[in-house]
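Trainee: The lines below spell out each chain.
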Amino acid sequence: MSDVNPIIDHARALTRRAFFGQSALGVGAAALGSLFTSESSPQDPGGNGLPGLPHHAPKAKRVIYLLQNGAPSHVDLFDWKPKLREMHGIQIPDEIVGGRRFSTMTGGQKARPVLSEITKFARHGESGATVSDFLPKTAEIADKLCFIKSMHTTQVNHAPAITYFLTGDERPGRPSMGSWLSYGLGRETDNLPTFVAMTSLDKEESCGQIFYDYYWGSGFLPSVYQGVKFRGAGDPVLYLTDPPGIGRKTRRGMLDDLAALNRERAREVGDPEIDTRIAQYEMAYRMQTSVPELTDFSDEPKHVLEMYGPDVMRKGSFAYNCLVARRLAERGTRFIQLMHAGWDQHRNLNTQLKIQCTDTDAPSAALVKDLEQRGLLDDTIVIWGGEFGRTPFVQGKLGASNQGRDHHPYVFTIWMAGGGIKPGITYGESDEFGFNVGNDPVHVHDFQATLLHLLGIDHERLTYRFQGRRYRLTDVHGNVVKPILA
Amino acid sequence: MRPYQPAGIWAEATFGKIRYRADAGDALYRRSLYVFWRRIVGPTVFFDNGKRQTCVVKQVRTNSPLHALTTLNETAFVEAARFFAERVLREGGDDVAARIAWAFRTATSRRPSRQERDILVARWRSARADFARDTKEANKLLSVGASPRDASLDLLDHAAYTVVCSILLNLDEVLSKP
Chain A
1 MSDVNPIIDH
11 ARALTRRAFF
21 GQSALGVGAA
31 ALGSLFTSES
41 SPQDPGGNGL
51 PGLPHHAPKA
61 KRVIYLLQNG
71 APSHVDLFDW
81 KPKLREMHGI
91 QIPDEIVGGR
101 RFSTMTGGQK
111 ARPVLSEITK
121 FARHGESGAT
131 VSDFLPKTAE
141 IADKLCFIKS
151 MHTTQVNHAP
161 AITYFLTGDE
171 RPGRPSMGSW
181 LSYGLGRETD
191 NLPTFVAMTS
201 LDKEESCGQI
211 FYDYYWGSGF
221 LPSVYQGVKF
231 RGAGDPVLYL
241 TDPPGIGRKT
251 RRGMLDDLAA
261 LNRERAREVG
271 DPEIDTRIAQ
281 YEMAYRMQTS
291 VPELTDFSDE
301 PKHVLEMYGP
311 DVMRKGSFAY
321 NCLVARRLAE
331 RGTRFIQLMH
341 AGWDQHRNLN
351 TQLKIQCTDT
361 DAPSAALVKD
371 LEQRGLLDDT
381 IVIWGGEFGR
391 TPFVQGKLGA
401 SNQGRDHHPY
411 VFTIWMAGGG
421 IKPGITYGES
431 DEFGFNVGND
441 PVHVHDFQAT
451 LLHLLGIDHE
461 RLTYRFQGRR
471 YRLTDVHGNV
481 VKPILA
Chain B
487 MRPYQPAGIW
497 AEATFGKIRY
507 RADAGDALYR
517 RSLYVFWRRI
527 VGPTVFFDNG
537 KRQTCVVKQV
547 RTNSPLHALT
557 TLNETAFVEA
567 ARFFAERVLR
577 EGGDDVAARI
587 AWAFRTATSR
597 RPSRQERDIL
607 VARWRSARAD
617 FARDTKEANK
627 LLSVGASPRD
637 ASLDLLDHAA
647 YTVVCSILLN
657 LDEVLSKP
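Chains A and B, in that order, give the protein sequences. The numbering used here puts the first residue of the first sequence at 1, with every later residue one more than the last. The numbering used here puts the first residue of the second sequence at 487, with every later residue one more than the last.
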C-alpha cells in the first residue's frame, strides 16, 4: 500500500500517466507499463494482506471481541476478595489508594468505605476459577477460559479507555485492531466483510455510553479496512437492498455493463484502482445474497437457539449478535467486534448488575461452547471484558438504595478463550482489595501484543507510515504475555 | 441540510434519545457541502471525506463494497439517475444512439467509443423490454425520492434511461476522476 504522502503519490501518478500518455513509444512501452503496474500496486486492496505476513505460524485465524461497554465490576463478578467483606464499611487504607486519582464522580469523595461483593462467589471447574453466581453459565465453562486478573489501563473515562483498548491510543484517529488485522492479513472470504462491528444495549438503557464510529474506524489506514457496522434494525448493512423497480436480473446486467465499461477504461489508462472497483462492485453484489443468508437463523437447530437464551431472535440484542458472530466466524470474517452497553453501575449496582449479567451470561457462554462444538474454537479467539474495572469502595453512601462503584483503571479482569490460549487458567493477581495489581501486570498494550502474536503478527513489525513516522497498534509499548499461550 | 437517511441511525447511536428527520422540499437538493454533521455518527452517504478526528493532508480514495451499495442503491443517487434520465430525454437528441452518446459525454466529458455506446444501447433496449412486461416496476423506480417525475415523458423510456444513467453515475471514471 502506498504511504499517505501527497508528494510521493502525485509523483507516482505522474509517472504512470506520463508513461501511458506517450503513445509514440508504442507497444514496448505498453507492455512495460503493465509490468510496472502489476508489480507496484496490489490488484485487490484489502484482499491479500501484506507480503511477509503472517510473521510466524498463527495459532488463531479470527477474533470475536465481546466488549462490555461501561466496565463490569471485577470484584463482583470474577475477582473474589474476602477482605472486602471483612472490611465492609471501613475506609479503604490510604496506603492502598496511594494517592491514585479517580473520575470526577468520586474524585472529591472523602469517605471511601469498602463495599463488599454484592453477591456470592464460588470456585468452579477443575481449575477452581472464581466466578460469582451472577454468571452461572460462564462459571460452567470456566475450564475453557483464561482469566486475566491483572489487567490495567491508563484511562479513567469510557470513550478514551475503549479507544485505548481498540486502537492503542486514547485519542480518536488511530486504526482500530480489526483494521490493523485486515490491513496486515487480508481477508478470508470474498462474500462478507473482513471486519464487522455490532452493538447492543442493556434492556433498561440505564447507563449507555455512546458507540462512536471511530471504535471500528480505520484511522489513517485506507477506508477499505474500516469495520462494517451491522445495524440492529432494517438492513444489517446500509443500502444493501436494490431500489424499488430494479430486479435482480436488471442489477446483474447493470453490473456486467459496469464491469465491461470499467475494464475498457482500465485497459486504456492502466489504473489498477479500476480493477479494484470492479472487484468491490462484485463483492457488493455477493453481499446482497450472503448478508441476508447470514442473518437467517432458520437453519439453526432448536437446542442451539435455546443455548443463546430467550433474546436470540430479537434483532440487535446481545444474544442475537453473539449468534451472528458465530455465523460470521464460520464464514470467514476475521474480526468481529461486538459491543454491549450498560455496565456503568455508579448508582445501581445492587439493582442492575444482575439483570445485565442475565442478559449476557448465557449468550457469551453459548458462543464459546457453540464454537467448540463446531471445531472453530481451535482457531478463534473469544475475548470478554470491559475498558476498566470498578472501585472496591462505594460511590455515594453505603447502604443507600442507589449505591454503586466508580470507574477503576488500576486493576480489573477480562477473560479470553480459544486459539492458542491456555484454557482453565487464571493469570495475574490483584492485591487483597482488588485495588492494585498484585503480580504479573498486563497492560492494554500487552494484551494487544499478545492478540497479534496469536494471529501470527509481531506487533513491533506491523507498521504504517503516516505524517512522517511509522505507527503501530501498540505504539512503542507492549510485551507478549507468554505464560497464557498454549 | 439533512439528506435522506435510513431510519434508526441516530437513534441507535444515541440510545434512542435523538431521532433524525430528513428535510423536505428544496433543502433536500442543496449541495452536500451543507449537510449537517453529528459528531458521533456522520452522514451515511459520504466517502473520501475527512473523518473529523485527525488532521488529514490528503484523502484516501474509497473503494469498497459499501461505497458500491451506496452509489447504486441510496435514494439520492437513484433520484439523481432519474433526473439525469429526464435531461437525456429532453436534451439528448432524437434517437437512442444520440441520447446515449449525450448522456455519456455529460457524465464523463468525453465521447463514448462505439463499443461503450453499444453496451449501453443494448442495456437500454433490454431494460425497456423488461419494464414493458411489468410497468409497475417502472413506476416504482421512477417514484424513488421525494420529487415527482415529469409525467409527460414516456414511462418506459424514462425508466430505461434511469437504468442507463445509474450505470453512468457508477463508472469509476465518473466517481473518482478529476
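Possibly wrong hints are sitting among the right ones.
With a cut-off of at most 30 Å between alpha-carbon atoms, the simulated DSS-like pairs for lysine-lysine come out as follows [as the list claims (entries may be wrong)]:
hint, chain 1, residue 1, chain 2, residue 2
1, B, K503, A, K354
2, A, K302, A, K369
3, A, K482, A, K369
4, B, K537, A, K315
5, A, K203, A, K302
6, A, K61, A, K354
7, A, K59, A, K397
8, B, K626, A, K315
9, A, K369, A, K110
10, A, K482, A, K422
11, A, K315, B, K544
12, B, K626, A, K203
13, B, K622, A, K249
14, A, K249, B, K537
If you want the ones that stay clear, here's a sample from chain A, every Cβ over 10 Å from chain B, calculated [said to hold, decoys possible]:
hint, residue
15, L53
16, P54
17, H56
18, T199
19, L201
20, G217
21, R231
22, D257
23, E264
24, A341
25, H346
26, T351
27, V476
Covered by chain A, according to a simulated footprint, are these stretches of chain B (three or more residues, beta-carbon under 8 Å) [claimed, not checked]:
hint, segment
28, 497-511
29, 525-533
30, 553-566
31, 572-586
32, 627-637
33, 641-652
Don't read these hints as lab results, they were simulated from the structure. Even glycine gets a Cβ: it sits at the ideal position worked out from N, Cα and C.
Trainee: Hint by hint, note whether the structure agrees.
Mentor: Checked hints:
Taking the CA atoms of K503 of chain B and K354 of chain A, the gap is about 25 Å. The hint holds against a cut of 30 Å. Restraint check for K302 of chain A and K369 of chain A: satisfied, since their Cα atoms lie roughly 15 Å apart, inside the 30 Å limit. Restraint check: the Cα-Cα separation between K482 of chain A and K369 of chain A comes to about 25 Å, which is no more than 30 Å; the hinted pair holds. As the CA atoms of K537 of chain B and K315 of chain A are separated by approximately 29 Å, the hinted pair is consistent with the 30 Å bound.
Restraint check for K203 of chain A and K302 of chain A: satisfied, since their Cα atoms lie roughly 24 Å apart, inside the 30 Å limit. Distance restraint check for K61 of chain A and K354 of chain A: the Cα-Cα separation of roughly 34 Å exceeds the 30 Å cut-off, and the hinted pair is therefore not satisfied. A C-alpha spacing of about 48 Å is found between K59 of chain A and K397 of chain A, which places the hinted pair above 30 Å, so the restraint is violated. Of the pairs offered as hints, the one joining K626 of chain B and K315 of chain A holds, with about 29 Å between alpha carbons and a cut-off of 30 Å not exceeded.
About 46 Å separates the Cα atoms of K369 of chain A and K110 of chain A, which puts this hinted pair outside 30 Å; it is violated. For the hint pairing K482 of chain A with K422 of chain A, the CA-to-CA distance comes to about 10 Å; that is within 30 Å, so the pair holds. For the proposed pair K315 of chain A and K544 of chain B, the alpha carbon gap of about 39 Å is over 30 Å, so the pair is violated. Between K626 of chain B and K203 of chain A the CA atoms are separated by roughly 39 Å; this puts the pair beyond 30 Å, and the hint is violated.
Pair hint K622 of chain B plus K249 of chain A holds up; C-alpha atoms about 16 Å apart against a cutoff of 30 Å. Under the criterion of a C-alpha separation no larger than 30 Å, the hint pairing K249 of chain A with K537 of chain B is inconsistent with the structure, at around 36 Å. With a cut of 10 Å on Cβ distances, L53 of chain A stays outside the contact zone with chain B, its closest approach being about 21 Å. Distance check for P54 of chain A against chain B: the nearest CB is about 24 Å away, which clears 10 Å, and the non-interface claim stands.
With 10 Å as the threshold on Cβ separation, the claim that H56 of chain A sits away from chain B holds: the shortest Cβ distance comes to roughly 30 Å. The beta carbon of T199 of chain A is not kept farther than 10 Å from every beta carbon of chain B, the shortest such distance being approximately 7 Å. Not every beta carbon of chain B lies more than 10 Å from that of L201 of chain A, the smallest distance being close to 6 Å; the non-interface claim is violated. The non-interface label for G217 of chain A is inconsistent with chain B: the shortest C-beta to C-beta separation is roughly 6 Å, within 10 Å.
A beta-carbon of chain B comes within 10 Å of the beta-carbon of R231 of chain A; the shortest separation is about 7 Å. A Cβ of chain B approaches the Cβ of D257 of chain A within 10 Å, the least distance being about 5 Å, so the stated non-interface status is violated. Residue-level check failed: E264 of chain A sits 6 Å from the nearest beta carbon of chain B, not beyond 10 Å. The Cβ of A341 of chain A does not lie farther than 10 Å from every Cβ of chain B; its closest approach is about 8 Å, which violates its non-interface assignment.
Chain B leaves H346 of chain A outside its interface by the beta-carbon criterion, the shortest separation being 16 Å against a cut-off of 10 Å. The beta carbon of T351 of chain A is kept farther than 10 Å from every beta carbon of chain B, the shortest such distance being approximately 19 Å. Against the 10 Å criterion, V476 of chain A stays outside the reach of chain B, whose nearest CB is about 19 Å from its own CB. A stretch counts as covered by a chain when three or more of its residues have a beta carbon under 8 Å from one of that chain; for the segment 497-511 of chain B and chain A the count is 5, and the coverage holds.
Evaluation of the coverage hint for the segment 525-533 of chain B: fulfilled, as 5 residues show C-beta separations to chain A shorter than 8 Å, against a requirement of three. Counting residues of the segment 553-566 of chain B whose C-beta lies closer than 8 Å to any C-beta of chain A gives 9; at least three are required, and the coverage claim holds. Residues of the segment 572-586 of chain B with a Cβ under 8 Å from some Cβ of chain A number 0, which does not satisfy the need for three, so the listed coverage is violated. By the rule of at least three residues with a Cβ nearer than 8 Å to a Cβ of chain A, the coverage given for the segment 627-637 of chain B holds, with 4 such residues.
Three residues within the 8 Å Cβ limit are the bar, and the segment 641-652 of chain B against chain A gives 3, so the coverage statement holds.
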